[in-house]
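K.L.:
Those protein sequences? They're chains U and D, same order as listed.
If you're matching positions, the first sequence starts at 0 in numbering that gives the first Met the number 0 and goes up one per residue.
If you're matching positions, the second sequence starts at 0 in numbering that gives the first Met the number 0 and goes up one per residue.
It should be emphasised that the hints constitute simulated quantities derived from the structure, not laboratory data.
Hints should not be assumed to be uniformly reliable.
Said to hold, decoys possible - Covered stretches of chain D, going by a simulated chain U footprint (3 or more residues, C-beta under 8 Å):
hint	segment
1	155-169
2	257-269
To be verified - Partner residues aside, some chain U positions facing chain D, computed with beta carbon under 7 Å:
hint	residue
3	Pro47
4	Val66
5	Asp122
6	Val123
7	Thr125
8	Val127
9	Phe130
10	His265
11	Gly268
12	Pro270
13	Ala277
Beta carbons are placed, not taken as given, at the ideal position from N, Cα and C, and that holds for glycine.
Spelled out from the first residue to the last, the chains are:
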Amino acid sequence: MIGLWIALCFLTLSGLEVAQAHGGVVEEDDVCVIKVNYLRAHFKIYQPRISGHEQFCEDLPAASESVFVMEYLHDSLSSMPIDFRIIRDVTGKGRFARMEDVETIGDLDAATVFYRPPELEPDVYTVVYEFAEEGDFIGIVSARNPDNGTVYAAVFPFEVGFTGWGYWPLFVGLLLLVQVQYLVMSGRLRRKPNVSSGTAVILVTCVVSLLSAPAAFADDLLVTYTTPQGDIQINTMHSWVLHVETAAGEPVTGAEIDVSGGMPAHNHGLPTRPRVTAELGDGDYQLDGMRFHMGGYWEVVVTVTTCDGESVVIIPLQL
Amino acid sequence: MMSWVLRIGAAILLAATIILWWQSRPVQPADWTDAEIATLRTLTLASLPELPPDATNSVADDPVAAEFGRQLFFDPRFSANGGISCATCHQPIRGFTDGLPKGQAIGTSRRNTPSIVGTAYSPWLYWDGRRDSQWSQALSPLEDPAEHGSNRKDILGVLAADEAYAATYAELFGPLPDVATADADEIDHAFANVGKSLAAFERTLLPTKAGFDDYVAAVVAGDRQREDELFNADEVQGLRLFIGKANCTQCHNGPLLTNNEFHNTGLLNFPGDVPDVGRARGVDEVISDPFNCRGAFSDDPGRSCPELDFARTGVELVGAFRTPSLRNLENTAPYMHAGQLETLAEVLEHYNIAADAMIGHNEALPLGLNQRELRQLEAFLHTLAAPVAMPVAE
Numbered sequence: 000m001i002g003l004w005i006a007l008c009f010l011t012l013s014g015l016e017v018a019q020a021h022g023g024v025v026e027e028d029d030v031c032v033i034k035v036n037y038l039r040a041h042f043k044i045y046q047p048r049i050s051g052h053e054q055f056c057e058d059l060p061a062a063s064e065s066v067f068v069m070e071y072l073h074d075s076l077s078s079m080p081i082d083f084r085i086i087r088d089v090t091g092k093g094r095f096a097r098m099e100d101v102e103t104i105g106d107l108d109a110a111t112v113f114y115r116p117p118e119l120e121p122d123v124y125t126v127v128y129e130f131a132e133e134g135d136f137i138g139i140v141s142a143r144n145p146d147n148g149t150v151y152a153a154v155f156p157f158e159v160g161f162t163g164w165g166y167w168p169l170f171v172g173l174l175l176l177v178q179v180q181y182l183v184m185s186g187r188l189r190r191k192p193n194v195s196s197g198t199a200v201i202l203v204t205c206v207v208s209l210l211s212a213p214a215a216f217a218d219d220l221l222v223t224y225t226t227p228q229g230d231i232q233i234n235t236m237h238s239w240v241l242h243v244e245t246a247a248g249e250p251v252t253g254a255e256i257d258v259s260g261g262m263p264a265h266n267h268g269l270p271t272r273p274r275v276t277a278e279l280g281d282g283d284y285q286l287d288g289m290r291f292h293m294g295g296y297w298e299v300v301v302t303v304t305t306c307d308g309e310s311v312v313i314i315p316l317q318l
Numbered sequence: 000m001m002s003w004v005l006r007i008g009a010a011i012l013l014a015a016t017i018i019l020w021w022q023s024r025p026v027q028p029a030d031w032t033d034a035e036i037a038t039l040r041t042l043t044l045a046s047l048p049e050l051p052p053d054a055t056n057s058v059a060d061d062p063v064a065a066e067f068g069r070q071l072f073f074d075p076r077f078s079a080n081g082g083i084s085c086a087t088c089h090q091p092i093r094g095f096t097d098g099l100p101k102g103q104a105i106g107t108s109r110r111n112t113p114s115i116v117g118t119a120y121s122p123w124l125y126w127d128g129r130r131d132s133q134w135s136q137a138l139s140p141l142e143d144p145a146e147h148g149s150n151r152k153d154i155l156g157v158l159a160a161d162e163a164y165a166a167t168y169a170e171l172f173g174p175l176p177d178v179a180t181a182d183a184d185e186i187d188h189a190f191a192n193v194g195k196s197l198a199a200f201e202r203t204l205l206p207t208k209a210g211f212d213d214y215v216a217a218v219v220a221g222d223r224q225r226e227d228e229l230f231n232a233d234e235v236q237g238l239r240l241f242i243g244k245a246n247c248t249q250c251h252n253g254p255l256l257t258n259n260e261f262h263n264t265g266l267l268n269f270p271g272d273v274p275d276v277g278r279a280r281g282v283d284e285v286i287s288d289p290f291n292c293r294g295a296f297s298d299d300p301g302r303s304c305p306e307l308d309f310a311r312t313g314v315e316l317v318g319a320f321r322t323p324s325l326r327n328l329e330n331t332a333p334y335m336h337a338g339q340l341e342t343l344a345e346v347l348e349h350y351n352i353a354a355d356a357m358i359g360h361n362e363a364l365p366l367g368l369n370q371r372e373l374r375q376l377e378a379f380l381h382t383l384a385a386p387v388a389m390p391v392a393e
């Protein structure tokens, strides 16, 4: 029976995806995604006062304070003014309402229960709205491309309070999906990298480097470091001297060096953005702005670019 | 039938007895290892270095400025309604906080009032680090419409109207400019001097030795009798969890029990507010603050500003807030950047669960501590209570 419900749920969801060809909310690999035309963002809704950290994709259990969150999967969204509107579903189409249906509404403002005018949100887009009553609603997100003025929109019908019996199968299916998603996201099943793009990029870098570091760079470049101010103290900004040489022991001069790093166990980077500030000769480079803010296992990722190409060397550190 | 009921009853009774015994059994604290003692030493006030100099503030260590700053700190005339002083929110009796989720002055502040004790050691001020010195921080509430609601000209006007203030200002910085005729630059410099005087006072606000510091001294000295007098078994176990399994010292490290860095720990939004992006925006603000380390009002001719030079920016800081000190938590509830959690027990439960963040990424991982361990951790946190030192005379 549960299998049937899940099947029904997937049918309904895939129906939605077809219906929302111009943009809407869909589930992709247990992660809720909003598509604003070709622009995508991780989409989630919270009802923190009644269900804490539980995430919802579309339908909401009750009329309560609701926080809508879009974490951009496409950088362009961070430079586009975005507006967010919630209207009562006056189209009569329920969860099959589309942009075309919204466009036929004569007085959009009369149906609007919440509107946030266009605004640039460089990091993450959030709105908070407290639903006064249960019922059918439609969310409309639009983003304006500042270069050519094109407006991209996503429309997502949703229900607050699940009033109709007709949606019980969907309710149970969604609940299961939300639960699976919650379990996956909370790490109880398997931790997945979160969707904030910066973190994801760093993770990927670390993983790739980690896999390739020992073999690929053993016969390539050797990077060593010294700390002129003595042993590394946590929470203290200090400098390193990096020494770069080839496998044959030749010092590497004139290289461009980029330094990043972090704690793989905590999924965060360095607290500062250190830089090579001077080349000291003989393959030595002055690295300033180093700081570690906790004890534990750190990796410092040194990217050396020369005319011969780019090498990534990982320096492991136990503090 | 009856015998079944009896058997089940007996089994339940036995289980309950075992659970009760397990919960209340005395735990003999094991000796601390050398590595643990080394860790403990890094956390005590005995390891607190000298106050770092503030080259951007030439009166930072001037006792006249500190006393002047103390008077300004408690003076409500520097506000739009004549009723708000720094001490309205930073109340000495509450560890320089106010007991409210968000500060209440002329209006409601954006966030929870943080303690200012020991902030001379922090490269960043505010929950989001949007200022980089105590003096530039002190300026901001004076002109915040929700806080003092005043402005720099009115502030200088109050100083000029008070003979004693004007005289002390002149002694420290030269004559006070006349706001009616002074240009914007002169006014800004004088305004910065008000902040520098407040900072000279705030630099003197430091934590004093707590039970925890005495306990570590006893451990280091190998004085078991003194150890037992100072800490009970729960407090010892709580400390063991604190530096071990509970991962607290990853962020709450050093003698002030903070790394002064920014972390996202997945807090819920304050009711009615969108989730706070925290440091992600704070870092942009401090970089563009005209009163920052690089600005025209710094007293450091070399403008050496490594914190700004190497400041990290970017999406990784979404929802991240500065780690607060854990010293003297007794009077500083409610906790977190918007006072979302009312008790230490709620704070510990928050870290024990470590749910996914509403925005950004929760750096903390679930701890899986049981109720007994959570109680022990809380018992330990209370050993960090100690009055604040305020050397400048009242």
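K.L.:
All the hints need checking, so say for each whether the structure fits it.
P.N.:
Hint by hint, here is what the structure shows:
Only residues whose beta carbon comes within less than 8 Å of a beta carbon in chain U count, and the segment 155-169 of chain D has 0; fewer than three means the coverage is violated. Judged by the Cβ-Cβ criterion of 8 Å, the segment 257-269 of chain D is covered by chain U as claimed, because 8 of its residues qualify and three suffice. For Pro47(U), the interface hint holds, since its Cβ comes within 7 Å of a Cβ in chain D; the closest pair sits about 4 Å apart. A cut of 7 Å between beta carbons decides the hint on Val66(U): the least distance to chain D is about 6 Å, and the hint holds.
Annotation: interface hint on Asp122(U) holds; nearest CB of chain D at approximately 5 Å, less than 7 Å. Satisfaction of the interface hint for Val123(U) is found here, the shortest Cβ-Cβ separation to chain D being roughly 5 Å, below the 7 Å cut-off. Annotation: Thr125(U) was flagged as interfacial toward chain D, and the flag holds, the nearest CB pair being 4 Å apart, inside 7 Å. Because the beta carbon of Val127(U) sits about 5 Å from the nearest beta carbon in chain D, less than 7 Å, this interface hint is met.
Taking 7 Å as the C-beta cut-off, the interface hint given for Phe130(U) is violated, the closest approach to chain D being about 13 Å. A cut of 7 Å between beta carbons decides the hint on His265(U): the least distance to chain D is about 5 Å, and the hint holds. About 6 Å separates the beta-carbon of Gly268(U) from the nearest beta-carbon of chain D, less than 7 Å, and the hint is met. Interface hint at Pro270(U): satisfied, since its Cβ lies 5 Å from the closest Cβ of chain D, which is below the 7 Å cut-off.
The restraint placing Ala277(U) at the interface with chain D is violated, with a minimum CB-CB distance near 14 Å, outside the 7 Å limit.
Checked against the numbered hints given earlier, this structure breaks hints 1, 9, 13; the rest are met.
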